[in-house]
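Using our numbering, the first residue of the sequence shown is number -12, and each one after it goes up by one.
Read the hints as simulated data drawn from the structure, not as lab findings. Take the hints with a grain of salt, since some may be wrong.
[What the hints assert, rightly or not] No more than 16 Å apart at the CA atoms, straight line, and that leaves these computed lysine to aspartate or glutamate pairs for EDC-like:
1) Lys(-6) to Glu134
2) Lys(-6) to Glu152
3) Lys114 to Glu49
4) Lys16 to Glu(-7)
5) Lys16 to Asp50
6) Lys(-6) to Glu63
7) Lys(-6) to Asp50
8) Lys(-8) to Glu138
9) Lys62 to Asp12
10) Lys(-4) to Glu63
11) Lys(-4) to Glu113
12) Lys(-1) to Glu113
13) Lys62 to Glu135
14) Lys(-1) to Asp44
15) Lys(-8) to Glu141
16) Lys45 to Asp68
17) Lys(-1) to Glu127
18) Lys(-1) to Glu59
19) Lys(-6) to Glu49
20) Lys(-4) to Asp44
21) Lys(-4) to Glu59
22) Lys(-4) to Glu117
23) Lys(-8) to Asp44
24) Lys(-8) to Asp153
[As the list claims (entries may be wrong)] Label-pair distances were calculated between CB atoms; the ranges are:
25) Asp0 to Asn69: 55 to 63 Å
26) Asp0 to Glu132: 52 to 60 Å
27) Lys114 to Asp0: 15 to 23 Å
28) Val119 to Asn3: 15 to 23 Å
29) Asn144 to Arg28: 37 to 45 Å
30) Gln121 to Ala154: 27 to 35 Å
31) Lys(-1) to Ala142: 36 to 44 Å
32) Tyr(-11) to Asp68: 53 to 61 Å
33) Lys16 to Ser110: 26 to 34 Å
34) Glu(-7) to Pro19: 32 to 40 Å
35) Arg129 to Tyr(-11): 17 to 25 Å
36) Asn69 to Leu23: 24 to 32 Å
Think of the CB as a built atom: it goes at the ideal place given N, C-alpha and C, for glycine as much as any other residue.
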Amino acid sequence: MYSFKEKNKIYKDMQNSNFVEADLDLLHKVWPSHPLIPRARRNPIRYANEVLYALLDKATREDIRLNRRQYEQTKELNDGDNNAGGSDTIPEGGDNKSDIANAGADNPSSDDGDDNIHVEDKSELEKQLEEVTQAHEESEQRVMEAEERVEELEADNEELQEQLEDAAQACEDAQAALEEEKKSPKPSKLKTVSSKKSPNTRTSNGKSSKTKTSK
């Protein structure tokens, strides 16, 4: 629906506990199985911001604004009908306005208590939001480190692949040289003729021997 940063920005801009009933009704329509709904039904003001944060996972900002506008219009019509119907009859025992004022005087701290709860919930949610943001940033950092590691491994893999290809090429060259050597004719061995040594003969030196003749 929205990125983490967009969701947080819209969440901060649209926080308004006056529309918790409208947001809760819309959350029930778009996400009826959400576990927050039963708790928010019992104490809407306390979980107003959590309802809005969960709602941003299923509804757009315009959907929430339109639903709040319709809720406000319906509430104004109902208030107008109640005022018109109440003016016809006056309850016995005095003015109803004074009774309402007295009831408010009897419980002066009721609104303050709701405000305190709202402030505490808001600070708690802001703390949770900071923790979630920090965890998200840490996860992004881990993802970046993992991506860098993957790039390094890919570079190492490419280098190993090149080395493997070079080794394969060298092996093919050696195989081809071996095949070529097998195909080339072998040189014939020359037969060595052993010369037989003849017996020693006295060679003449060209001088004729003189013989003595008888006279």
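In rising order, the numbers of the hints this structure does not comply with
1, 2, 3, 4, 6, 8, 10, 13, 15, 16, 17, 18, 21, 24, 25, 26, 29, 30, 32 and 34
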